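*Asks:* Chains as they are written, first to last, in this note's numbering: chain A, 1 to 284; chain B, 1001 to 1285.
I should point out that these hints are in silico values taken from the structure, not numbers from a laboratory.
Computed from a predicted structure; not experimentally measured.
From the three backbone atoms N, C-alpha and C, an ideal C-beta is built for every residue, glycine too.
Any given hint could be a false lead.
[Claimed, not checked] Here are some, though not all, of the chain B residues that point toward chain A, as calculated from beta-carbon distances under 10 Å: (1) 1034; (2) 1037; (3) 1252.
[To be verified] Here chain A is said to cover these stretches of chain B; the calculated rule only asks that three of the stretch's residues, wherever they fall, bring their Cβ under 8 Å from a Cβ of chain A: (4) 1006-1015; (5) 1116-1128; (6) 1240-1250.
[Unchecked claim] Think about it this way: if two alpha-carbon atoms lie no more than 20 Å apart in a straight line, the pair counts; the simulated PhoX-like pairs of lysine-lysine are: (7) A:85 <-> B:1138; (8) A:126 <-> A:91; (9) A:52 <-> A:94; (10) B:1242 <-> B:1138; (11) A:219 <-> B:1034; (12) B:1242 <-> B:1179; (13) A:52 <-> B:1138; (14) A:219 <-> B:1026; (15) A:84 <-> A:94; (16) A:30 <-> A:84; (17) A:52 <-> A:85; (18) A:126 <-> A:94.
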Amino acid sequence: MPANAFNAFTDYGIGIGLRVPHYNHILSEKPTVDWFEIISENFMCDGGRPLKVLDQILEQYRVVQHGVSAYFGSAEPLNREHLKKLKRLVKRTKTPWLSDHLCWGSVDGRYTHDLLPMPYTMAAAKVTAGKIRQARDFLEVPIAVENVSSYAEFHVSEMTEWEFLSEVVERADCGILLDVNNIYVSSRNHSFNPFDYIDNVPASRVAQFHIAGHTQYRKYILDTHDHPVIDPVWKLYEHAIRRTGPTATLLEWDARIPSFQEVHHEALKARRFLENVEPKKIAA
Amino acid sequence: MAGAVMRPLTSRAGMQSRWRDGQLMKKMAAGFIKPNDRLTSFERLEIYNRQYWFRLQDCFYDDYPGLRAVLGDRRFARLAQAYLTRHPSASFSLRNLGRPLLEFLEAEPQWVAPHRQLALDMARLEWAQIEAFDNEAKPPLTKDSLLEIDPARTRLQLQPHLTLLELSHPVDEFLVQVKRADRLRDEASNAMEAHPARLRRRLRRRLKAATVFLAVHRHQDTVYYKRLEPGAFTVLSAFHAKATLAQACQQLGAVEGAPDDLGAKIKSWFESWAALCWLCRLDRE
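Let's have the full structure, built from the sequences with the hints guiding it.
*Replies:* Given below as structure tokens:
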């Protein structure tokens, strides 16, 4: 039984990101993997190898789309051309839900290709929620928004990040892709207790988890997705999954990518936490 | 904040100390970003400024190895900064980062002097590769369906992934050599020449001007270059300009050195193009 209205995929188990260095291994060896997450933008093209590989993957595996450039938090309206291409891909993959980030990154048609942090204001929450609703209505698929890692905070912010995330998802009536590594990174960069974050987001809206590694510098942590998951992040994941019940979980590894087996092995470490969690109905 | 993030870095890869109006960036950053116990507002903003430039420069570096070999690393880095400052990404996908590069190089040739023509050739080839990689492939015309068309009324289309290039240097061969050298260096760094820049300079010196007619296309999901005879290039270019089949073949007469056995040549070209699936949709007048 689904743990909540935004988590109808409690049986999805543990997925990994589909990445180019692993294509040949996956297509030739057909390893058993619960599901793959694709970066939508990498497949929003008109032809060629990306779509051919995707079609081959879709014949064998469940695929969920994850985007990096919807920029729900940018002040400008949603890009209709972008949405049309995204919808074509949604029809191709039949993704059961679609995620992107709670951030901004474009101004006047110029793209930073970064996930820039938002000012946590009520005005920003309203605009962002409105755009998420528009996207969901156009795409006709449930949307989950992901908390980003951040390195800066704004004077104008009126609330904590988790209050802002909660405000946005309640107003948009959408799900959350809770990235516990991002919570850890931001908690260290901004000196807050990461367990407070997890305890205060609406568990009833968590549709998916992300776990990943990062890089520790002298004065801050950078979200690099190029290392194994560290123990404190696993502890956060364990804590979060107890609140939400079994939830689709994905390991991100995007730079200095090791072998498929190593990435998959790292992802499957989540199993020991998932298996100890009872499926349950969670109150909002 | 976007203006600060997208502003060029200093030569030491840091954020510039003053804003465009002369105001201190420290003061400006402090106006909207909170400091913490380890980083000033300036330093926090600088993380994003650096990430923006490192990401775009990496992408440009990966997309244009040939242009980098033509210019050398230092001049390529200067070109990248000038180009990306003038043409920030206007697409959700970094795949399109190089779309206005040719226009930029034609308008501001000082960035590639004294190798202007060579650099233009290479930029055109490398953009054509990007287009060939993931542009649409329409249902191709078969050899049999070509036999049924009316040459006076039929316009043939070329596949969207195919680009025709008239080059003044054999940059296709040059790029293959550069990529081979890069690949070998990645696989066995000890076996390669200690100074890749020296190797690239030597390759560039060997490159002599020569007209090359080239098709850059995709076949079975792999990007290829195919050298074309001048006549074949003329016919395909005419198709691209929406000429009818008859008009395209008439233009052959104007091509210097058109082959004597024109009929047989045209037949073999069309057989080859049909096998490579280059021709698609018929538009009747």
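*Asks:* Checked against the structure, which of the hints given earlier come out wrong?
*Replies:* Those not satisfied are hints 3, 4, 5, 6, 8, 12, 16 and 18.
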